[in-house]
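S.K.: Whenever a hint applies, use it, and build me the whole structure from the sequences.
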Amino acid sequence: MNAPPPAIEANQHIYYDYFEEDFTRTVDENILQLLDQVWFRSELVGFEQFPQRNNPDRPLIFASNHSGMAFPWDAIVALSHLFRRLPVTSTIRDLPRPLSAPLLSQTALMNPFLVKDFWKKCGCVDATTLNFETMMYYQDHNLMLYPEGVPGIGKGFNRKYQLQRLATSMVRLSLQHGTDIVPFYTINAEYLNPYAYSLDGVNHLTKKIGIPFLPLTLLLLLVLLQPWAFYLAFPAKLIFVMGTRIRPSEFTNKTTDELTREDYLALSERIRKQMQAEMDAAVLAHGRKPYRWGELWQRIKENRRFFPFFLPFAWPAVFSEFERLYVKEGRRNFRMKLDQPGAWLRMLWRNPITLAYFIPLLGWIPLAIKGYRGNKLGQKP
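For the sequence shown, the numbering used here begins at 1 and goes up steadily by one.
These are calculated hints, taken from the structure and not from any lab test. It is possible that some hints are incorrect.
[As the list claims (entries may be wrong)] DEER-style ranges, computed between Cβ atoms:
#1 Gln274 <-> Tyr372: 39 to 45 Å
#2 Asn54 <-> Lys208: 41 to 47 Å
#3 Ala281 <-> Gln176: 41 to 47 Å
#4 Arg373 <-> Gln274: 43 to 49 Å
Positions of the beta carbon are idealized from the N, C-alpha and C atoms, including for glycine.
M.R.: And the structure:
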């Protein structure tokens, strides 16, 4: 295995700066499993034979689409489901770590319910060119990215399954390191915040305050009146469909030194067209009934002892309580007793900031103060 260049070697601290596998496991056991079991009801299709590395010394690159202008619950659910459902014959390194939009980590506001450094503690790394190149030398996990980038997140409901131009860096690094791209397709995520649309001018303004895009929808009024709705997700059934493994080296006879930017753009477009065709088929097979209300009602009845924690209005309290226990009190290996009578009210009492999520308009003042405290807007990630 070749040694990394000096700049990449100096950047390898990103592997461990924030990432806490124990944090990931504990938040999954205490919160995400319940939300997925009842609210999102996610399914993995085609993951029975989990992809193995073609180059043992380099991580596979998992790549998925964006389909909805919602808070990125689809990525949270996909990774937490994979975290729980890896085959017993797999190792922890089979699980992908995500490269995420830097804006998600620059303010606490863009972390779920202001849980500081949530994304990075769960393994996310800012999606910069240097970080991507550095993570290609990382051995402990595979990688996951959304190669459409921010334009994919904010493309709007009318273009929900139209793959935007894919990052050429994905193709370049796959070729340089001799590792495959494993596409999978996220279906129904556009119904987490349905009929949301996008204007480039509006998004340009919101990026200045650390919000990657602003979904233009009737829900904006609810967000003003009930701030918890900023993180709201409708109960869309999320389905993740494995695609056909891609080996870019089979698409060209040139070496990476010979390839021009135009060549990389052409390779990226070829991969985009292949992924688009597979995604269209996945939508036809799995995207006809995005909510499946009967199944949702059945799951609610089966888990009624955990009421109201699987409903979005209760999420601020449960995330805040988790942060209090794990971060502020330093507890480990704990289980939150969500099925005890009065648990939600006790969480509100212990975490007064959560009351602000229910105060119209004025509730945004304390949330914004906490959300932007120590922000890194304008700083290079």
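S.K.: For a quick check of understanding: which of the numbered hints are violated here, in increasing order?
M.R.: 3
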